[in-house]
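Chains as they are written, first to last, in our numbering: chain D, 1 to 352; chain B, 353 to 704; chain V, 705 to 1056; chain L, 1057 to 1408.
If you are wondering where the hints come from, they were derived from the structure by calculation, not from laboratory data. Just so you know, even glycine gets a beta-carbon here, dropped at the ideal spot from N, CA and C. Incorrect hints may have been included.
Okay, the calculated beta carbon distance ranges per label pair [unchecked claim]:
#, chain 1, residue 1, chain 2, residue 2, range
1, L, Ser-1204, D, Lys-199, 53 to 59 Å
2, L, Pro-1213, B, Gly-618, 40 to 46 Å
3, L, Phe-1356, V, Ser-835, 28 to 34 Å
4, D, Asp-200, B, Gly-386, 36 to 42 Å
5, D, Lys-15, L, Arg-1361, 34 to 40 Å
6, D, Asp-175, L, Phe-1356, 33 to 39 Å
7, V, Tyr-902, L, Asp-1089, 31 to 37 Å
8, B, Asp-515, L, Gln-1355, 52 to 58 Å
9, B, Asp-440, D, Ser-148, 50 to 56 Å
10, V, Arg-1009, L, Lys-1255, 29 to 35 Å
11, V, Leu-742, L, His-1074, 33 to 39 Å
12, D, Ser-148, B, Asp-385, 23 to 29 Å
13, D, Gln-299, L, Gln-1355, 53 to 59 Å
14, V, Arg-1009, B, Asp-515, 27 to 33 Å
Coverage of chain L stretches by chain D, computed from C-beta distances (three or more under 8 Å per stretch; other residues unrestricted) [what the hints assert, rightly or not]:
#, segment
15, 1077 to 1090
16, 1182 to 1195
17, 1243 to 1250
Some residues of chain B that are not near chain V, with every Cβ distance over 12 Å (derived) [what the hints assert, rightly or not]:
#, residue
18, Gly-404
19, Glu-489
20, Phe-541
21, Ser-546
22, Lys-605
4 protein chains.
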Amino acid sequence: MLIFVEYKWNASYMKIEHINGLVAAPFTPMKPDGSLNLELIPTYYQILKSAGVVGAFVCGSTGEGPSLTFKEKMLMIKAWADCAKKGDDFKIIPLLGGTCISECVELAQYAAAAGVHGVSITAPYYFKIGSVDTLAEICRTVAGSIPSTPFYYYHIPVLTGVDFQMISLLERVDDIPNFAGIKYTHEDFMDFLSCLNYKDNTYDMLWGRDENLLSALVLGAKGGVGSTYNYAAPLYHDLITLYNQGKPEAAQKKQQQSIDMIRLLGKYGGIATGKAYMKLMGLDCGEFRLPVKNMSAAQFESFKRDVDHLTSKAFVRQFLLHIVLLNSCIAYGKQQPCLCAGKYKRFTALVN
Amino acid sequence: MLIFVEYKWNASYMKIEHINGLVAAPFTPMKPDGSLNLELIPTYYQILKSAGVVGAFVCGSTGEGPSLTFKEKMLMIKAWADCAKKGDDFKIIPLLGGTCISECVELAQYAAAAGVHGVSITAPYYFKIGSVDTLAEICRTVAGSIPSTPFYYYHIPVLTGVDFQMISLLERVDDIPNFAGIKYTHEDFMDFLSCLNYKDNTYDMLWGRDENLLSALVLGAKGGVGSTYNYAAPLYHDLITLYNQGKPEAAQKKQQQSIDMIRLLGKYGGIATGKAYMKLMGLDCGEFRLPVKNMSAAQFESFKRDVDHLTSKAFVRQFLLHIVLLNSCIAYGKQQPCLCAGKYKRFTALVN
Amino acid sequence: MLIFVEYKWNASYMKIEHINGLVAAPFTPMKPDGSLNLELIPTYYQILKSAGVVGAFVCGSTGEGPSLTFKEKMLMIKAWADCAKKGDDFKIIPLLGGTCISECVELAQYAAAAGVHGVSITAPYYFKIGSVDTLAEICRTVAGSIPSTPFYYYHIPVLTGVDFQMISLLERVDDIPNFAGIKYTHEDFMDFLSCLNYKDNTYDMLWGRDENLLSALVLGAKGGVGSTYNYAAPLYHDLITLYNQGKPEAAQKKQQQSIDMIRLLGKYGGIATGKAYMKLMGLDCGEFRLPVKNMSAAQFESFKRDVDHLTSKAFVRQFLLHIVLLNSCIAYGKQQPCLCAGKYKRFTALVN
Amino acid sequence: MLIFVEYKWNASYMKIEHINGLVAAPFTPMKPDGSLNLELIPTYYQILKSAGVVGAFVCGSTGEGPSLTFKEKMLMIKAWADCAKKGDDFKIIPLLGGTCISECVELAQYAAAAGVHGVSITAPYYFKIGSVDTLAEICRTVAGSIPSTPFYYYHIPVLTGVDFQMISLLERVDDIPNFAGIKYTHEDFMDFLSCLNYKDNTYDMLWGRDENLLSALVLGAKGGVGSTYNYAAPLYHDLITLYNQGKPEAAQKKQQQSIDMIRLLGKYGGIATGKAYMKLMGLDCGEFRLPVKNMSAAQFESFKRDVDHLTSKAFVRQFLLHIVLLNSCIAYGKQQPCLCAGKYKRFTALVN
């Protein structure tokens, strides 16, 4: 039972590798009838790999974890873990839940057995946690159930309503050997830097706000998890490279391009817009489930025009790259390439 | 699949009986190891019946629905439905979920088959709903999957963060024949009265704030759902009787007693205090699960002293009544009476 | 200086009369150029008196106190105090401020000298107060500067962002002899009843939510302060009478009429709609100042149509009564009656 | 009257110089009796100048503007403007208000006449603004009343509750020639970068969160306004220098020192802690007014110990520098140096 998880801590503390690079939070592909489209995942995996993405945060907010059944989450975890299992270094980290700690534990053990790199939970978001001690206790319970698997806390106050300082959490989890770090999706840079600096950079602090990545890099962030890395990783790779080369002005331009892209999410109703970007590039992941609202067909046409307008040449190149990669993947996978020549032409015209 | 639920609406609209009286939101009894204590439920059921409670809102907030696994929710629903099935008029209404509409549908169908009176959902509380139209669509999806079972929307913005005017929801659900009404746990009396008056009192508006019951009665409320009806129903029955007899001053005193009782929830850390009240009266439902914090043993001693202080004679009488009922139930059930003579004596002394 | 106000408490505690009836929160009349229209106030005063209103809460939220200069607030206080001074029992209570305690003290002393019945402050709304002790200290500072004048705390969390339990404030102000009570503009009925019952009904608890008046009456409220009492006092007097006669169903209907009227505030942009109601009845108080948005001329036409639709016969009668009173007042005041026969006719037609 | 301010826009748009460097938001010095200690301001001015600070944001949040009377704000503005008038380039920018636009206009004109560099307003914080158009209209009204003086909007949602995207405001103020820019005290870096990039860096975007300065620098911020620049400007100058030299790791360390310093504000009750820092360094600005809570004497002792602990050598050097500057200033001003040798020794010991 959940309350009596036996903590089999390793004799010596785990040495957990920090993630360096971009982790995408993949969309959960769905069929027109709303069921999972698991067959798309190997292609999806290849696209992310080819784009230089280093991992996938599965069943997260972007992946609609809270809208999936327990069984569906198992299927998703299995499908992604199977892709990554073949010896390469692509890291699968599923979000387990959720408001029910027992189900988190059950899913954590399933995921660990399936061979994921790590697991993650958010704070429960129905009953509000009264103290950071309780939050640490929850982490201890779930992490303790899979002692050999890195555990990440997913900090996203805008959705959970739980907004403790994460430095306070870190101060309470030193006794959890597999507490790897935090996926930090919040704009409290003061807290974020404090966490980075805590105990000489012990914990892996993954930045979760794509639109502010540059402001996190300057604080020392090395890894990020986000939804736009699904379709615009090259843009962010450029941003990171420029920053590392000591060219902040150029990096600012890339960040602004990312912001312009992200503003369309606000304009078209939020998180579901991400799947519209994917569709535009040829990887149709279907629609978001309730309670998320999807674009109408008319909105999608308007959205396409907006995408054309926002695309500077540099941005279009990223798209093209992505499309080419996608076509290659599909070709390799012996599937029918889904991108018509017309779309390729449209983008090419914009570049030249 | 969820998106394509086939709506088998009745040819003519259902005539749904309004609930008149108090519905308790029972605690989920748990064993010391944190697992369900299902054996307690028949006794629990008898106590509520004997106290004049007319129904049970199972797996709600009080019942820790969001902290239970899907399987545990099925077990709870079954256990309560079995109690009520024997021909009497006690109404079982489970809260289904939750953030995952698919699981709500699955559980709704299970509950309907188990013979519950009705089912209920809250708004999803992870992704925030953008419009009341979407909320109506969610209700349509779940209600449509169990077309012969009354469906209640559970409005509790303090926990879900979803705070639409319920009159706007009612205006959008006229096409759902089994939309019975709303469990209204919010202090917007303007909206509540508007809902009561909508279409000549068509919908069953169940008041969900025990501490304000009197202010709802004067607006025309006939039924209430609450956690303190588990252990203090006689107090509220007195309140209702006095109000109906045109004695508002006396009813105010009863309401103040209820408030004094409820303030101890605030003092001792919130929702878990309810199980402490139950324990005090002899029905030990165990502890709340994470993320809710339970009282320490020392706090429980202090809590007991506070209960003694708050108890006016009238209040103690309610407790005594409850204790006697409990003992009777247990005696009939051939279990060992769990209440020592000492406790009975303590309360009796306070009355005389 | 503010910090060192010398407390000249009366030897024995003041006996402060509780207000019984409706206190209007008058709009601040403005000329087309945005300056104060002080000449309207004697007429305004007569209208309120004739409608059975027992007092005026001047420079409150409705009166745009926070948008007036210090000098303008002095002028308003003087104008109203002069009206009420002539020996009758109409109670003037100005809202002093504000974020600056020193200015509240200065204005309190000015108002007391001008002969007001009482004064009132809200919690400061820029810097957020850390504890209810600090709030009590602020009340002590301002009340202590006018020890012979009743002091009311104005609780309106939706605008100040300060949301302590008022029962906690009362427990800390027993040492302030002229702390009269609280203008309670919030939906926490549990707290409100606790305040009513505190020390055997010592404090004057004035209900501040017109749309929920009935739910406060049943708890024992005797007085209310509100904006709709400016133009619909007869409706609320009916409501109170019906409630006192033990006719809750009829009182509910009156409350619903008040709600329907108040909903138009939401539809037409909020607080400024109140001045549109006044204009419709013939007392043109001009426009609201920035930052409040006024209706456009087109919106006003639409608003007028909505008012016609919402008016049940009973409601129209209130309007007519008000209009007749207004005309009488103006006639007595030897001003030109501003209501054309046409408007009177329109309303009369609706009744007959 | 406010509504009819005549807009005397310059024929050609003003060319407004962007501020480069740190602007302190000075505390308002107060005597033990709570009245203004205006005599301290020339010394205060010299200290800021000597520390390389380029301006003062007078009567802001740090300066308790909302707790000052109108007259006191005039006195403060005059005192600071007089210091800066003598031909140097130190920029005085007062915060005008407040909730009353008329008073803002009056004070703006007074300040402009007194010779300030610019003026600033926040959004009104009692009535909540309904749209960004209304906010622009307010800016137009105030800026239009002082057409030759740069106008800054002060964005601080945590205190005003008004949280529009500032890029939306900029899009609506192109017709205000003296709209200089925004003091941006919020963590929305996406919005901040968008504002920086708007119309080729037209507007002066002053960063208002000292604890996140580094994350703003990387986006292109050149100026900042803050409270800790009163007592720790050298630390931030180091941070800026290191960042400009392409040494982000070293800059991160400086930012962390700033954070450690700022955390003590949280520990000791907030904004009033700033005056404790000032006192510790020898410039006693007295206490904060109500509603802000000051440290007790015991807390101040504990605070001093915490300051000793947080001071890395580098940090202590800043303090020493500041103290030396202060002593010099006071010596030049022929006042008695207020720093005992003991304090100097204590800090020196920590460095060596």
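Consistency of the hints with the structure:
1. For the pair Ser-1204 of chain L and Lys-199 of chain D, the supplied restraint of 53 to 59 Å holds, since their beta-carbon distance comes to about 55 Å.
2. Hint check: Pro-1213 of chain L to Gly-618 of chain B, Cβ distance near 29 Å, so the stated range 40 to 46 Å is violated.
3. The supplied range of 28 to 34 Å is broken by Phe-1356 of chain L and Ser-835 of chain V, whose beta-carbon atoms lie about 19 Å from each other.
4. For the pair Asp-200 of chain D and Gly-386 of chain B, the beta carbons lie near 38 Å from each other, so the given range of 36 to 42 Å is met.
5. The beta-carbon spacing between Lys-15 of chain D and Arg-1361 of chain L, approximately 37 Å, falls within the hinted interval of 34 to 40 Å.
6. Taking the beta carbon of each, Asp-175 of chain D and Phe-1356 of chain L are about 35 Å apart, inside 33 to 39 Å as hinted.
7. Restraint check, Tyr-902 of chain V to Asp-1089 of chain L: a C-beta distance of roughly 35 Å satisfies the suggested window 31 to 37 Å.
8. Roughly 39 Å separates the CB atoms of Asp-515 of chain B and Gln-1355 of chain L, a value that falls outside the hinted 52 to 58 Å.
9. The hint said 50 to 56 Å for the Cβ distance between Asp-440 of chain B and Ser-148 of chain D, and at roughly 53 Å that hint holds.
10. Under the hint 29 to 35 Å, the C-beta atoms of Arg-1009 of chain V and Lys-1255 of chain L, about 44 Å apart, miss the expected range.
11. Look at Leu-742 of chain V against His-1074 of chain L: about 46 Å separates their beta carbons, and that is not inside 33 to 39 Å.
12. Checking the proposed 23 to 29 Å range against Ser-148 of chain D and Asp-385 of chain B shows it holds: the Cβ atoms sit about 25 Å from each other.
13. Between Gln-299 of chain D and Gln-1355 of chain L the beta carbon distance is about 57 Å. The supplied range of 53 to 59 Å therefore holds.
14. Between Arg-1009 of chain V and Asp-515 of chain B, the C-beta spacing of about 30 Å keeps the proposed range 27 to 33 Å intact.
15. Check on the segment 1077 to 1090 of chain L: 0 of its residues sit with their Cβ under 8 Å from a Cβ of chain D, so the three-residue criterion for coverage is violated.
16. Counting residues of the segment 1182 to 1195 of chain L whose CB lies closer than 8 Å to any CB of chain D gives 0, so the stated coverage by that chain is violated, three being the minimum.
17. Counting residues of the segment 1243 to 1250 of chain L whose beta carbon lies closer than 8 Å to any beta carbon of chain D gives 6, which reaches the threshold of three, so the coverage claim holds.
18. Look at Gly-404 of chain B: its CB is around 22 Å from the nearest CB on chain V, clear of 12 Å, so calling it non-interface holds up.
19. Its beta-carbon lying about 24 Å from the closest one in chain V, Glu-489 of chain B satisfies the requirement of being farther than 12 Å from that chain.
20. Not every Cβ of chain V is farther than 12 Å from the Cβ of Phe-541 of chain B; the closest lies at roughly 5 Å, contradicting the non-interface assignment.
21. The non-interface label for Ser-546 of chain B is inconsistent with chain V: the shortest C-beta to C-beta separation is roughly 6 Å, within 12 Å.
22. With a minimum CB-CB distance of about 8 Å to chain V, Lys-605 of chain B fails to clear the 12 Å threshold, and the non-interface call is violated.
In summary, the structure is inconsistent with hints 2, 3, 8, 10, 11, 15, 16, 20, 21, 22 from the numbered list given earlier, while agreeing with the others.
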